[in-house]
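Turn these sequences into a full structure, and let the hints guide you.
Protein chains: 2
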Amino acid sequence: MESVKKLINGVESVVPDALRGLAAAHPGLRVDVENQIVFRASGPRPGKVGLVSGGGSGHEPLHAGFVGYGMLDAACPGEVFTSPVPDQMIEATSAVNGGAGVLHIVKNYTGDVLNFQMAAELSAEEGVEVASVLVDDDVAVRDSLYTAGRRGTGATVFVEKIAGAAAENGAPLAEVARVAGEVNARSRSFGVALSACTTPAAGKPTFALSEAEVELGIGIHGEPGRTRSTMRPAGELVRLAMDAIHEDLPVTGDTLVMLNGMGGTPLIELYVAFADVAAYLAEKGATVARSLVGNYVTSLEMQGFSVTVCRLTDELTRLWDAPVETPALRWGR
Amino acid sequence: MESVKKLINGVESVVPDALRGLAAAHPGLRVDVENQIVFRASGPRPGKVGLVSGGGSGHEPLHAGFVGYGMLDAACPGEVFTSPVPDQMIEATSAVNGGAGVLHIVKNYTGDVLNFQMAAELSAEEGVEVASVLVDDDVAVRDSLYTAGRRGTGATVFVEKIAGAAAENGAPLAEVARVAGEVNARSRSFGVALSACTTPAAGKPTFALSEAEVELGIGIHGEPGRTRSTMRPAGELVRLAMDAIHEDLPVTGDTLVMLNGMGGTPLIELYVAFADVAAYLAEKGATVARSLVGNYVTSLEMQGFSVTVCRLTDELTRLWDAPVETPALRWGR
Numbered sequence: 001m002e003s004v005k006k007l008i009n010g011v012e013s014v015v016p017d018a019l020r021g022l023a024a025a026h027p028g029l030r031v032d033v034e035n036q037i038v039f040r041a042s043g044p045r046p047g048k049v050g051l052v053s054g055g056g057s058g059h060e061p062l063h064a065g066f067v068g069y070g071m072l073d074a075a076c077p078g079e080v081f082t083s084p085v086p087d088q089m090i091e092a093t094s095a096v097n098g099g100a101g102v103l104h105i106v107k108n109y110t111g112d113v114l115n116f117q118m119a120a121e122l123s124a125e126e127g128v129e130v131a132s133v134l135v136d137d138d139v140a141v142r143d144s145l146y147t148a149g150r151r152g153t154g155a156t157v158f159v160e161k162i163a164g165a166a167a168e169n170g171a172p173l174a175e176v177a178r179v180a181g182e183v184n185a186r187s188r189s190f191g192v193a194l195s196a197c198t199t200p201a202a203g204k205p206t207f208a209l210s211e212a213e214v215e216l217g218i219g220i221h222g223e224p225g226r227t228r229s230t231m232r233p234a235g236e237l238v239r240l241a242m243d244a245i246h247e248d249l250p251v252t253g254d255t256l257v258m259l260n261g262m263g264g265t266p267l268i269e270l271y272v273a274f275a276d277v278a279a280y281l282a283e284k285g286a287t288v289a290r291s292l293v294g295n296y297v298t299s300l301e302m303q304g305f306s307v308t309v310c311r312l313t314d315e316l317t318r319l320w321d322a323p324v325e326t327p328a329l330r331w332g333r
Numbered sequence: 001m002e003s004v005k006k007l008i009n010g011v012e013s014v015v016p017d018a019l020r021g022l023a024a025a026h027p028g029l030r031v032d033v034e035n036q037i038v039f040r041a042s043g044p045r046p047g048k049v050g051l052v053s054g055g056g057s058g059h060e061p062l063h064a065g066f067v068g069y070g071m072l073d074a075a076c077p078g079e080v081f082t083s084p085v086p087d088q089m090i091e092a093t094s095a096v097n098g099g100a101g102v103l104h105i106v107k108n109y110t111g112d113v114l115n116f117q118m119a120a121e122l123s124a125e126e127g128v129e130v131a132s133v134l135v136d137d138d139v140a141v142r143d144s145l146y147t148a149g150r151r152g153t154g155a156t157v158f159v160e161k162i163a164g165a166a167a168e169n170g171a172p173l174a175e176v177a178r179v180a181g182e183v184n185a186r187s188r189s190f191g192v193a194l195s196a197c198t199t200p201a202a203g204k205p206t207f208a209l210s211e212a213e214v215e216l217g218i219g220i221h222g223e224p225g226r227t228r229s230t231m232r233p234a235g236e237l238v239r240l241a242m243d244a245i246h247e248d249l250p251v252t253g254d255t256l257v258m259l260n261g262m263g264g265t266p267l268i269e270l271y272v273a274f275a276d277v278a279a280y281l282a283e284k285g286a287t288v289a290r291s292l293v294g295n296y297v298t299s300l301e302m303q304g305f306s307v308t309v310c311r312l313t314d315e316l317t318r319l320w321d322a323p324v325e326t327p328a329l330r331w332g333r
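First to last, the sequence lines map onto chains A and B. Numbering follows full-length UniProt numbering, in which position 113 of the first sequence is assigned residue number 113; successive positions increment by one, without gaps. Numbering follows full-length UniProt numbering, in which position 204 of the second sequence is assigned residue number 204; successive positions increment by one, without gaps.
Derived from the structure by calculation, the hints contain no laboratory data. Heads up, a few of these hints could be off.
Intra- or inter-copy, both count: the list cannot distinguish identical chains.
[What the hints assert, rightly or not] Straight-line C-alpha distance at most 16 Å; calculated EDC-like pairs for lysine to aspartate or glutamate:
no., residue 1, residue 2
1, Lys5, Glu236
2, Lys284, Glu247
3, Lys48, Glu168
4, Lys5, Glu175
5, Lys5, Glu213
Set out below in structure tokens:
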């Protein structure tokens, strides 16, 4: 334990230990610790499209914290910062299928994409209709250490919530997939790191950042962004992030905004940054119609923030507002 | 900005900037940025007891994140780790009074206690009936840097939620105060720090902790606990915390448990520790009837955890389950 000052019982047992804690805290979940799959305790609902997501651990509450009514049916956590394997996804897909097919929500990282593709093919061979949506909202870099194309980050929360509401309403698979794709297409993210994070297995920070530096466009595994910059006031960092988003897809109209901590940022500082985000949007004539401020897609104890903006439509707003009951998002029930 | 790597726009403007962000994110709140008071936007409900709390900033979401239906009517944030002043409390008390009186929920820190006492006296002179409940659940130390007697920590969340539900149900002031006192009497907490935190004004950590050390019984401002210890596995740290609680008030029956991050602890690690808490309770024959796992009473970016256990009654469970709609706790509506 000397080399890693973390609240864990051993490097190898982090994920199963955390899954046991998740099960103890949330009776609405059924947790298969051995196979590392988190389900709704209520099981599949006949005729409802099932939603499965997954990805490396270390980003909590993503994804297991979004399993429940109105959102995911199952989540497959991998080891820390490591893709889950096809077996997890296949088992989850089969278990949540209520006869109306299953949507895979996949963040665009090479391992996740390949494994979900294999799982989708094998599930289809077993007779489950599967559709997939790829989340690739991060405008920071075109390709990166873990990804061909854009990385998937904060928009995943929006996709899981909104597609989950559509599925709960009884929409067919093609329609749930369409709305999921639309949310992704209308969403953009950008992240800024003030510090690195340390995976239990590595025992040392994923990258080095001096006291005077920040990483602009940071990835959720600490992979490099666009550039290093000197530390600046929150308002300037927010402007850099929002400019990157706005240049890619102009912010306009009613927006859904997430100001996401990365696990180690004080909440008071996230609210400081959110004030700057709201001011930026007002300056561009856009409106904060709905928002989340807090830790939703984390990178262990990394400090910094990411901001995700989705251009809402009436349909997306209605689906966002629909009831949800998960460990990390809960309203209307 | 060189000396403090924080997501802020200036040391002096942290609290008002965060309050502007809070207002932008939560339309259900009315935020008086100048006077530093956060109200429900809906105003006082005639005949309902008003609930006011407050304390130093840097512990978010406490207290402003608990303003809303079923919980607080107003919160008065002070500067970081500094008590709010009587003027804030008097104005909040007057504004939330719906004619049925106002309950002050006060964490046991000398500044908070003195200022709330003064505010209660002056409000009474203005004709508002005021009752107070003192929260002092932290078993770690008898007196400390900021406190005569036990410190108030995690139980504050339980008191605010349960007293808030009683008030929402129309209970009279004496009854709301009684239930608040009962929650405090049945709750105990203990905290462990793996790292210190840095206030914006100080610009350096509040205390020094080596890579091999933890502070057992840490206070929410980083004030000393019982003792330093070498770093240990989560299960051992949890056992030390739970033993301290159990020796003071044996854990038994149905419990409400909060496993609280301190702002900088990865959520995956909090779930690891929660599994150990649940195992400890099971070993003692107690049950996790309700729980919270996450950041509820933080100390900026401090790493570590605190655990709070409340021995439930049927009445307290019913009030805990009642609908709530605040930025940080929301269910049933």
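Numbers of the earlier hints that this structure fails to satisfy, in rising order: As far as the earlier hints go, only 4 is violated by this structure.
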